[in-house]
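Chemist: Chains A and B are the protein sequences, given in the same order. Per my numbering, the very first residue in the first sequence carries number 1; after that it's consecutive. Per my numbering, the very first residue in the second sequence carries number 1001; after that it's consecutive.
Hints are not guaranteed to be accurate.
Claimed, not checked - As a list, the in silico EDC-like pairs of lysine to aspartate or glutamate whose alpha-carbon atoms are at most 16 Å apart:
hint: 1; chain 1: A; residue 1: K195; chain 2: B; residue 2: D1176
hint: 2; chain 1: B; residue 1: K1202; chain 2: A; residue 2: E104
hint: 3; chain 1: A; residue 1: K177; chain 2: A; residue 2: E193
hint: 4; chain 1: B; residue 1: K1138; chain 2: A; residue 2: E158
hint: 5; chain 1: A; residue 1: K177; chain 2: A; residue 2: E164
hint: 6; chain 1: B; residue 1: K1006; chain 2: A; residue 2: E120
hint: 7; chain 1: A; residue 1: K138; chain 2: A; residue 2: E158
hint: 8; chain 1: A; residue 1: K6; chain 2: B; residue 2: E1120
hint: 9; chain 1: B; residue 1: K1138; chain 2: B; residue 2: E1120
hint: 10; chain 1: A; residue 1: K202; chain 2: B; residue 2: E1196
hint: 11; chain 1: B; residue 1: K1138; chain 2: B; residue 2: D1111
hint: 12; chain 1: B; residue 1: K1195; chain 2: B; residue 2: E1164
hint: 13; chain 1: B; residue 1: K1006; chain 2: A; residue 2: D144
hint: 14; chain 1: A; residue 1: K138; chain 2: A; residue 2: E164
hint: 15; chain 1: A; residue 1: K6; chain 2: B; residue 2: E1196
hint: 16; chain 1: B; residue 1: K1205; chain 2: A; residue 2: E104
hint: 17; chain 1: B; residue 1: K1177; chain 2: B; residue 2: D1091
hint: 18; chain 1: A; residue 1: K195; chain 2: B; residue 2: E1104
hint: 19; chain 1: B; residue 1: K1177; chain 2: B; residue 2: E1196
hint: 20; chain 1: A; residue 1: K142; chain 2: B; residue 2: D1144
hint: 21; chain 1: A; residue 1: K202; chain 2: B; residue 2: D1111
hint: 22; chain 1: B; residue 1: K1205; chain 2: A; residue 2: D111
hint: 23; chain 1: B; residue 1: K1177; chain 2: B; residue 2: E1158
None of these hints come from the bench; they were simulated from the model.
2 protein chains.
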Amino acid sequence: MMIIDKTDFNNLEARYRATLINSLGGVKQAVLIGTVSSEGQINLAIFNSLIHIGANPPFWGFIARPDVGHRHTLHNILNTGNYTINFPSADDYVKAHQTSAKYEPTQSEFDACGFTAVYEPGCAAPFVQEAPVKIAMKLVQKMDIELNGTSLVIGSIEQIILDESFISADGFVALDKANTLACAGLDAYYTTELKERLSYAKRDKWPVAL
Amino acid sequence: MMIIDKTDFNNLEARYRATLINSLGGVKQAVLIGTVSSEGQINLAIFNSLIHIGANPPFWGFIARPDVGHRHTLHNILNTGNYTINFPSADDYVKAHQTSAKYEPTQSEFDACGFTAVYEPGCAAPFVQEAPVKIAMKLVQKMDIELNGTSLVIGSIEQIILDESFISADGFVALDKANTLACAGLDAYYTTELKERLSYAKRDKWPVAL
């Protein structure tokens, strides 16, 4: 077993440390966030920090890096109040990763990376047509994390678009059926496989397969 | 394609809605958080909301539900200032899920669920011996999300304990090599498989496999 402690962190080369801490955070859902600027320019960017905040009302969050330079996603969300969260197919991982390149503000990542923008009534932001799961979000609150200049951007789920066959009788969404993409760190892409769903755990009775 | 919108949410049965919104959030790393109370009682609980906040300094967060009733984890973290984050092996998914049962404050989930508590100098909270990745955390900030009474608990990574063979030359931690557990919603457990790592995306050059 290897032990890396705080003193070691300071001696690590910056990129090595970023890769280590980012990838150590584990596998997460890869999502493409679609936005539109006040001037009508559409934008698409990959994020790996989707976080469930609550189911009633349905709130999700994500971590946005400081609103400087090329951070079009956060800028657009703050200006328009809405955005879409799209789960790309695992087959589209190279295109999804390509949205992380630094494009000019006037260039749409939809075009540059080979995705198609589609729209639904009530949401100005574009969805990704190729994504098997599409969600319309409305900005609710931006909480600044002063420790390092990042923000927790919280939105309410306004609309969910997906194939009915992904949803089980009890509401469970089997994203593995949708073959959605997972990721770790800034460059590693994963597929996932359902092992089992378990019953509610009780003190005197161990869970069994559902 | 099926469209579920905000009006539909209100008509969904509460448990169905919770299962839908939770599971829709996608696959995440399953982690066991180990804590100790001021009185020395140890506690272990499963969480699925680990979130990367920053690499320099290394900060991670997780979402804690309101500090009422059986929320021993948050209570202990606030009282002692430290905790451990342990990534259980995918083989231990039934034991890991069992830590979500409501045990009495005087009962240790380590004993009840079949995990072994181990300690390292400088961290009062117990680690899970069986976990292939163990991390010591120090509480840095609790940010209350007033929208629904949850909190974002932010801590600094103090120590990382893992097998050296999981770390690539550039710092990337291949958690699939450690066979760690992923989960979705409150009861679904997943394994993950690395598809590929990609090079840094550039505007004029598409990424290639690393």
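Chemist: Each of the hints needs a verdict: does it hold here or not?
Modeler: Do the hints match the structure? See the list:
1. Taking the CA atoms of A/K195 and B/D1176, the gap is about 15 Å. The hint holds against a cut of 16 Å.
2. Between B/K1202 and A/E104 the alpha-carbon distance is near 12 Å, which keeps this suggested pair within the 16 Å criterion.
3. Between A/K177 and A/E193 the alpha-carbon distance is near 9 Å, which keeps this suggested pair within the 16 Å criterion.
4. For a cut-off of 16 Å, the pair hint linking B/K1138 to A/E158 is broken: about 36 Å separates their Cα positions.
5. For a cut-off of 16 Å, the pair hint linking A/K177 to A/E164 stands: about 11 Å separates their Cα positions.
6. Pair hint B/K1006 plus A/E120 holds up; C-alpha atoms about 14 Å apart against a cutoff of 16 Å.
7. For the hint pairing A/K138 with A/E158, the CA-to-CA distance comes to about 7 Å; that is within 16 Å, so the pair holds.
8. Taking the CA atoms of A/K6 and B/E1120, the gap is about 14 Å. The hint holds against a cut of 16 Å.
9. Taking the CA atoms of B/K1138 and B/E1120, the gap is near 14 Å; set against the 16 Å cutoff, the hint holds.
10. For the hint pairing A/K202 with B/E1196, the CA-to-CA distance comes to about 39 Å; that exceeds 16 Å, so the pair is violated.
11. Taking the CA atoms of B/K1138 and B/D1111, the gap is near 24 Å; set against the 16 Å cutoff, the hint is violated.
12. Pair hint B/K1195 plus B/E1164 does not hold up; C-alpha atoms about 22 Å apart against a cutoff of 16 Å.
13. Between the alpha carbons of B/K1006 and A/D144 the distance comes to roughly 27 Å, so the proposed pair goes past 16 Å and is violated.
14. Annotation: proposed proximity of A/K138 to A/E164 is violated, straight-line Cα distance about 23 Å (limit 16 Å).
15. With a C-alpha separation of about 30 Å, the suggested pairing of A/K6 with B/E1196 is violated against the 16 Å cut-off.
16. The straight-line distance between the Cα atoms of B/K1205 and A/E104 is roughly 15 Å, inside the 16 Å bound, and the hint therefore holds.
17. Distance restraint check for B/K1177 and B/D1091: the Cα-Cα separation of roughly 13 Å lies within the 16 Å cut-off, and the hinted pair is therefore satisfied.
18. Taken as a hint, the A/K195 and B/E1104 pair is broken in the structure, with Cα atoms around 29 Å apart against an allowance of 16 Å.
19. A threshold of 16 Å between alpha carbons decides the hint, and for B/K1177 with B/E1196 the separation of about 14 Å falls inside it, so the pair holds.
20. For the hint linking A/K142 to B/D1144, the alpha-carbon distance of about 13 Å falls within 16 Å, and the restraint holds.
21. The hinted pair formed by A/K202 and B/D1111 meets the criterion: a straight-line CA distance of about 15 Å does not exceed 16 Å.
22. Our distance criterion of 16 Å between C-alpha atoms is met by B/K1205 and A/D111, whose separation comes to about 15 Å.
23. Of the supplied pair hints, the one linking B/K1177 and B/E1158 is violated, its CA atoms being roughly 23 Å apart against a limit of 16 Å.
Violated hints for the displayed structure, listed by number in ascending order: 4, 10, 11, 12, 13, 14, 15, 18, 23.
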